[in-house]
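Participant: Protein chains in written order, with the numbering used here: chain W, 824 to 1063; chain H, 239 to 319.
Simulated from the structure, these hints should not be mistaken for laboratory data. Ideal Cβ positions, reconstructed from N, Cα and C, are used throughout, including at glycine. Hints should not be assumed to be uniformly reliable.
Claimed, not checked - Here are the simulated DMTMM-like pairs of lysine to aspartate or glutamate, each with C-alpha atoms no more than 25 angstroms apart in a straight line:
#1 H:Lys242 to W:Asp878
#2 H:Lys257 to W:Glu967
#3 H:Lys278 to W:Asp859
#4 H:Lys302 to W:Glu1000
#5 H:Lys257 to W:Asp859
#6 H:Lys257 to W:Glu900
#7 H:Lys302 to W:Glu967
Said to hold, decoys possible - For each label pair, taking beta carbons as the anchor points, the in silico distance ranges come out as:
#8 W:Asp978 to H:Asp261: 30 to 36 angstroms
#9 H:Lys302 to W:Asp946: 33 to 39 angstroms
#10 W:Val1034 to H:Pro307: 56 to 62 angstroms
Stated by the list, open to error - Which residues of chain H face chain W? A few of them, derived with a C-beta cut under 7 angstroms, are:
#11 Val243
#12 Pro254
#13 Ala258
#14 Asn306
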Amino acid sequence: MRCGVVVFPGSNCDHDVYHVLKHVLEQEAIFLWHQDTSLKGCELIVLPGGWSYGDYLRGGALAALSPMMAAVKRHAEAGGLVLGICNGFQVLLEAGLLPGAMRRNARLRFECRDVFLRVERNDLPFTRSYRQGQVIRMPIAHGEGNYENTASELDRLEEQREVVFRYVSPQGDLDPEFNFNGSARAIGGVCNARGNVLGLMPHPERCTEEVLGNTDGLALFQGLLSVAARPFQAAYGGGR
Amino acid sequence: MRAKVTVYPRREILDPQGKAISDALQRLGFSQVSDVRAGKSFEIELTAADAAAGEQAVRQMCQKLLVNPVVEDFAVEMVAP
Chain W
824 MRCGVVVFPG
834 SNCDHDVYHV
844 LKHVLEQEAI
854 FLWHQDTSLK
864 GCELIVLPGG
874 WSYGDYLRGG
884 ALAALSPMMA
894 AVKRHAEAGG
904 LVLGICNGFQ
914 VLLEAGLLPG
924 AMRRNARLRF
934 ECRDVFLRVE
944 RNDLPFTRSY
954 RQGQVIRMPI
964 AHGEGNYENT
974 ASELDRLEEQ
984 REVVFRYVSP
994 QGDLDPEFNF
1004 NGSARAIGGV
1014 CNARGNVLGL
1024 MPHPERCTEE
1034 VLGNTDGLAL
1044 FQGLLSVAAR
1054 PFQAAYGGGR
Chain H
239 MRAKVTVYPR
249 REILDPQGKA
259 ISDALQRLGF
269 SQVSDVRAGK
279 SFEIELTAAD
289 AAAGEQAVRQ
299 MCQKLLVNPV
309 VEDFAVEMVA
319 P
């Protein structure tokens, strides 16, 4: 699969994702500069973590207006795969590709630790290699990952099953103690209605190799590859 | 002309920063304080036919960039030149 990692000024997890795609999964991977307007034929677009535009105004707000994001929007609207990690998730929220907003962590601390996530649905390209309800461990590193939305939108997200990951205890139970950033309804990752755009605060690219002590993130990328192995049109019913 | 835009967290949601500042003020002995909302402000210099046109433009700026309506509210004040 041809994968594009978007580089904004201030991205700092771009090389990590590139490494996973190129060297761990042995896929074709390229960097896409934020000022460019072509996705160069990439099927999967990854918005990496970091501090795009220094987090000026709001995390992701200025990156969402970059020329590359216009192309990413068209890709998403045509059914193409888009994955936003950490700051990349914030960019997707600000670009309107995913619902909601991020606020400062409830405890006002930059949280850098492992968290436990429950996979709320495994019928997405991103989660098909996990089991429904599986509890996985992933690292987080953010100061603004406190997911917020209006009560009616939160209800809509639940009804339409757009909540993909929730922060839970190691046993898989909802517990405020393990919802480190204070996210509404313990939401750690959401998708769009069509299921081709995913954003999550934890870093799957930081747990894909044994040498890192955790490989729980590998299945996320593997799921994408198993989807891509099928003809694109058939998998998504849309063009590029 | 100049516009002053004030952006603050929506009333319905908890503002963790405002809460921490409120607690700190209490610790300093300002027992009068019951709530703090921590926001930000922008001073925008612009040219427009009149104040009404200027305010309309600034409100559009708020909706398109300066404010995230999911978590923030805003107020616009036009300042006489």
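Participant: Does each hint hold? Answer for all of them.
Facilitator: Outcome of the hint check:
1. H:Lys242 to W:Asp878: 22 angstroms, holds
2. H:Lys257 to W:Glu967: This hinted pair holds, its Cα atoms lying about 16 angstroms apart.
3. H:Lys278 to W:Asp859: 32 angstroms, violated
4. H:Lys302 to W:Glu1000: Answer violated: H:Lys302 to W:Glu1000 is near 36 angstroms, above 25 angstroms.
5. H:Lys257 to W:Asp859: 42 angstroms, violated
6. H:Lys257 to W:Glu900: At roughly 40 angstroms apart (the allowed maximum being 25 angstroms), W:Glu900 and H:Lys257 break the hint.
7. H:Lys302 to W:Glu967: 21 angstroms, holds
8. W:Asp978 to H:Asp261: 30 to 36 angstroms: 32 angstroms, holds
9. H:Lys302 to W:Asp946: 33 to 39 angstroms: 35 angstroms, holds
10. W:Val1034 to H:Pro307: 56 to 62 angstroms: 44 angstroms, violated
11. Val243: 12 angstroms, violated
12. Pro254: Hint holds; H:Pro254 Cβ to chain W Cβ min 5 angstroms, cut 7 angstroms.
13. Ala258: Holds, because the Cβ-Cβ distance from H:Ala258 to chain W comes to roughly 6 angstroms (cut-off 7 angstroms).
14. Asn306: 5 angstroms, holds
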